[in-house]
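Enquirer: Okay, here's what each chain looks like letter by letter:
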Amino acid sequence: MRSSQLVEKYFRTKNLPHIWCPGCSLGIATRSLVVAIDELGLDKNKTVIVSGIGCSSRAVGYLDFNTIHTTHGRALAFATGVKLANPELHVIVISGDGDASAIGGNHLIHAARRNIDLTLLIFNNNIYGMTGGQFSPTTPHAALGTTAPFGVVEQPFDLVKLAEGAGATYVARGTAFHVNPLVKYYKNAIEHKGFSMVETICICPTYYGRQNKSGTAVQMMHWLKDSFVLNTAYDKMPEEKRQGKHVYGEFVKKDLPEYVEEYVGIIERLKGEEDA
Amino acid sequence: MSKAVLMQGNWACVEGALYAGMRFYSGYPITPSTEIAELSAQKLPLYGGKFIQMEDEISGIAAAIGASISGTKSMTATSGPGFSLKQENIGYAAMTEVPLVIVNVMRVGPSTGLPTASSQADIMQARFGSHGDYPIIAVSPNSVTETFTLTVRAFNLAEKYRTPVMFLTDETIGHAREPIVLPKPGELPIYDRVQPADGEEYMPFRVEPGEIVPRMPAYGRGFRYNMSGLFHTETGFPSNSPENAQAQIDRMFAKIYDNVDDIVTYEEFELDDAELVFVTYGSTSRSVIPAIKSLRKQGYKVGMFRAITLWPSPAKQIEALAERVKHIVVAEMNRGQYLQEVARLVKGKVPVTHIGRANSEILLPSEIEALAKEVLS
Amino acid sequence: MHKEIRLTGSGGQGVILMGIILAEAAVEKGLQAIQSQSYGPEARGGASKCEVILSDQPIDFPKVLEPNILVALTQDGANKYAHGLGEDCLAIFDESVEVPENLGTKNVFSYPIIETARITLGKSIVSNIVTLGVFCELTDIYTREELLSAILQRVPKGSEVLNERAFDEGIKLVRRA
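Chains A, B and C, in that order, are what the protein sequence lines are.
To convert, take the position in the first sequence, counting from 1, and add 395; that gives my numbering.
To convert, take the position in the second sequence, counting from 1, and add 53; that gives my numbering.
To convert, take the position in the third sequence, counting from 1, and add 720; that gives my numbering.
No lab work stands behind these hints: they were computed from the structure.
Among these hints, one or two may not hold up.
With beta-carbon atoms standing in for the labels, derived distance ranges [claimed, not checked]:
#, chain 1, residue 1, chain 2, residue 2, range
1, A, Ile661, B, Asp326, 26 to 36 Å
2, C, Lys800, B, Gly389, 29 to 39 Å
3, C, Gly766, A, Gly667, 36 to 46 Å
4, B, Phe181, A, Gln529, 25 to 35 Å
Below, a list of computed lysine-lysine pairs in the DSS-like style, where the Cα atoms sit at most 25 Å apart [as the list claims (entries may be wrong)]:
#, chain 1, residue 1, chain 2, residue 2
5, C, Lys723, C, Lys843
6, C, Lys877, B, Lys346
7, B, Lys354, B, Lys369
8, B, Lys426, C, Lys783
9, A, Lys649, A, Lys620
10, B, Lys56, C, Lys800
11, B, Lys354, A, Lys666
12, C, Lys877, B, Lys237
13, B, Lys56, C, Lys749
14, B, Lys350, C, Lys783
15, C, Lys723, B, Lys350
16, C, Lys826, B, Lys346
17, B, Lys96, C, Lys877
18, B, Lys346, B, Lys426
19, A, Lys666, B, Lys350
20, A, Lys649, A, Lys582
21, C, Lys877, A, Lys666
22, B, Lys379, B, Lys346
23, B, Lys56, C, Lys877
24, A, Lys404, A, Lys666
25, A, Lys608, A, Lys556
26, C, Lys843, C, Lys783
27, C, Lys892, C, Lys826
28, A, Lys636, A, Lys556
Ideal placement from N, C-alpha and C gives every residue a C-beta, glycine not left out.
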């Protein structure tokens with residue numbers, strides 16, 4: 396489908412233009428989601444998109460689905476109620492690195508542990524953009540943020556490992572540059588039965604790039620292109636070539652009992668006992 | 054007539070909620086409210102409903118709001134610290150006008166306080182606990198039977214006025230077991246939120262003529278709209294306009310305060326010729342009533358006004374009391390919270406005294422009797 | 721009729737269940753009742769207190785002000801809650817409990833309740849049901865059948881025979897004395 400048709404079909408055009416800065420890659424991630432939804436043929440009326448607070452979370456206002464713009468960090472918790480109360484809905488959560496892994500980190504690990512059928516898309520730009528450039532749990536060590544004027548002292552989260560360790564049954568990482576695989580991961584995540592998480596590496600030229608002298612938006616996109624390697628290729632690379640490289644790809648794909656199905660199973664079992 | 058059964062207050066709350074149509078509960082265990090979660094876990098799947106124990110108090114209320122947006126009557130329950138943790142999302146539910154019942158089985162605070170002991174010290178937090186200006190409905194029962202009927206009413210008010218409703222009980226009533234005759238289906242009215250008809254032209258936050266609140270379709274029915282904690286226009290989408298913010302907040306207050314006569318309920322006891330009136334609520338009324346009975350036998354003209362709806366307060370009724378009695382005593386299990394509201398309404402027309410504490414010892418009828426005699430002498 | 725009953729023991733002894741059974745048996749008879757409890761953080765051990773008020777009139781104040789009947793199964797419970805009683809108060813103790821000096825009533829009965837449960841019945845867990853037998857025999861609130869029926873509705877399935885025996889052993893303790 397052409398871009399203009401996608402916009403017409405899935406965006407709330409009255410709410411455009413969006414609030415994102417020139418060069419921001421949140422638009423690419425949002426478009427990729429819409430392409431994935433279109434290719435999967437999801438019913439807009441049966442799809443709910445939930446977000447928290449932050450730049451990425453503003454996406455829901457532009458998307459023509461059932462949308463909920465919730466409180467900071469709590470999107471997964473709201474989404475859990477939406478899904479469990481009405482299992483026929485497809486529930487997708489859009490969250491940022493701060494929203495999902497700092498203030499909402501507890502909900503991330505527990506939604507993963509529960510293996511509830513939600514798809515979490517973390518648009519990770521390694522910075523708090525909405526509040527003006529403070530470091531987040533994914534800002535690299537020693538990088539600059541307005542609240543880390545001498546460099547971040549902490550070590551960053553690896554969101555893929557975090558989600559995997561917490562029990563997510565589908566985990567992938569893509570980037571705003573590698574769009575075709577990104578769309579594929581979004582599709583696989585939405586189709587996966589259980590808790591799925593896709594981290595999307597995004598760029599924030601305004602607040603991350605400027606503070607850290609990462610160059611223009613185009614230069615930052617080039618950095619994504621040059622430094623991210625598909626995991627299967629990375630595994631075959633000699634050690635010396637891995638220096639400075641990051642990986643994207645699908646990391647976890649497994650079947651485990653899904654929370655809502657398990658719960659509905661209990662309801663049906665109890666009903667059976669009552670009828671018997 | 055059905056037979057009375059012995060039931061705990063917290064259980065009666067769940068039975069009332071199920072009667073009202075609750076089909077979703079999410080929360081986090083905390084004393085002394087935990088029995089509400091336990092019984093919900095046991096009963097909801099039998100009704101085809103859902104229970105989920107969340108990872109914390111915040112997600113406990115967040116999931117309940119999500120379920121209500123899905124079109125399911127939802128409840129969460131908590132106590133003490135948990136009520137503090139829920140405050141941000143209480144504001145979200147008020148702002149997005151999502152029907153929800155929040156039970157607070159009050160215990161002694163601040164902080165961890167006395168977890169197994171009773172208090173009524175969250176009255177002001179129930180009204181003003183979340184940031185910003187918003188209206189709220191709060192009700193408080195004084196018996197196991199009233200816990201049932203008032204829980205049903207809390208759901209009805211939540212649905213009718215599209216608002217979170219605080220159900221403020223306490224350890225005394227929550228853990229007490231008393232006989233209750235459970236109402237039969239159909240005996241109490243049940244109210245469901247108004248939804249738009251299929252295919253209706255729908256504006257998510259517009260009030261249709263003759264209605265109180267915007268219609269609220271369940272997500273998934275085809276009315277794709279946006280919920281946001283940002284100030285939003287009738288469309289549901291954010292707006293920074295001061296005029297819009299003013300109109301929205303005015304409408305939110307008006308839906309509650311223009312309908313106080315429907316929302317506010319209260320009980321009067323021995324008020325006709327009373328010179329001294331105790332204003333009280335919830336479990337403390339059980340200390341006041343025997344004191345009044347004893348004082349009446351001794352010839353003292355005393356009575357009680359029990360607020361069943363605490364917020365919005367029974368302002369008209371309390372203002373009227375101030376015109377006809379000589380003295381008002383506010384009795385509550387705290388150091389003077391509802392006192393502030395009563396004093397505000399009485400406007401100095403008659404003296405207002407307070408009796409209360411929050412150290413776990415409930416007020417004794419003898420203390421109340423002694424205070425009345427002192428005041429009247 | 722208005723009876724205020726205070727039951728004390730240690731957490732896990734079933735003191736609260738005892739109160740619930742007394743209240744349920746009263747409701748079954750058409751009386752008003754309220755049962756409440758106070759407890760600390762311990763699920764087992766610690767002094768637990770359970771209160772029951774029975775009346776043929778509506779009950780206003782939910783807590784016991786002046787007990788007509790007091791039961792103490794442990795020394796801790798007795799020390800904490802068995803003092804300053806009215807002179808007509810009926811006080812029932814397990815034999816292991818040293819009766820507090822400032823009890824306030826002379827209407828005192830001690831029986832080997834816990835020992836009966838442990839040795840005669842082989843299950844200390846039924847101490848509370850033995851106590852209910854003692855209670856039934858020493859007071860004229862319930863018939864044997866009324867209280868037994870409330871007990872049997874509350875105890876786990878399969879333990880009815882044991883609990884009926886425990887109840888009757890309690891009655892015997894009073895009759896033998």
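Enquirer: Which hint numbers doesn't this structure obey?
Expert: Numbers 1, 5, 6, 9, 10, 11, 12, 16, 19, 24, 25, 26 - these are the hints that the structure violates, sorted from lowest upward.
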